[in-house]
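Engineer: Taking the hints into account, I'd like the entire structure generated from these sequences.
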Amino acid sequence: MTEEISTGKFCTECGKQIHLKAEICPHCGVRQSLLGAGAGSSVNTIPNYLVQAILVTLFCCLPFGIVSIVYAAQVNGKEQAGDLTGARQASRLAKKWVWVGFLSGFVFMLLYLGIMVFAAVLGG
Amino acid sequence: MSHVTKIHFSAIWRSVCKCLLARRSLTLIGVCLVAVGLLVFYSPADSRWFPPCPFRALTGVYCPGCGSTRALRHLLHGRFVAAFGYNMMMVASVPFLLVNLVSRLFFGPTRILFDEKKLSPVAIFGIWFLILLYGVLRNIPTYPFGFLAPHG
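So the sequences go chain by chain: A and B. Heads up: the first sequence is residues 1 to 124, going by this note's numbering. Heads up: the second sequence is residues 1 to 152, going by this note's numbering.
Keep in mind that a hint or two might mislead.
With beta-carbon atoms standing in for the labels, derived distance ranges [unchecked claim]:
1) A:Leu122 to B:Val31: 52 to 58 Å
2) A:Leu110 to B:Pro144: 52 to 58 Å
3) B:Phe9 to A:Val107: 20 to 26 Å
4) A:Gly86 to B:Ile29: 35 to 41 Å
5) A:Phe118 to B:Arg14: 34 to 40 Å
6) A:Pro26 to B:Lys18: 16 to 22 Å
7) B:Phe129 to A:Pro26: 35 to 41 Å
8) B:Asp115 to A:Lys21: 38 to 44 Å
Source of the hints: derived by calculation from the structure; they are not laboratory data. Just so you know, even glycine gets a beta-carbon here, dropped at the ideal spot from N, CA and C.
Structural biologist: And the structure:
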């Protein structure tokens, strides 16, 4: 059973492991293209979260965004070198730091808003 | 009997979250529309309610994203030169992001224009270096670099 899973393919959209013969990803519902079906395919299929990383860098939190751009570069580098396991690992880390950056920026905004409301109430 | 009429806020909160998650794209569009509306009608430069840049608030130094909220407001009003003055890197990246996101929405995952999955690692590190360099240069107060700092 585990052997079957480990030789399965990965969703072209969300990158999660799916059944080898799956035509539609059960996680995100996106139809799998025939191009990305083979494991040795030349088409890049692992998400690198570069767009999200740049958005987080510019709008939420610079330090964590910078970290996730580095991992985004590693995703493409390792995938081109044929290291699919390493590329998926880097993809997970890029996603993780995008979320850490987004949430820390979001929490800062909430804290700021809370303090402003508090000050407005105190000031009349 | 207060416990009979007690409203279960946790249950309401949970069902609201479930409803929003089930209609994720609609929620996203709604949040974007509200944000755009706020930015069109209220100026982040004059209103105290827009949060400042966390990085600048903590360190006192401009980050590569500083001024992008004010620049976005000017963009939404069609004042491109003013937007450029507040954050030229954000303004320059908007066309790429828009084309990427719109083609992702309409053509599906296999035919994205400016697809970040097809960029070479060197290009990604180039973007990374450009962002960092921009962040450093806009903090130099002398003549040619002062233009990079957010200004009206």
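Engineer: Mind listing which of the numbered hints don't hold for this structure, in increasing order?
Structural biologist: The structure breaks hints 1, 2, 5, 8; every other hint is satisfied.
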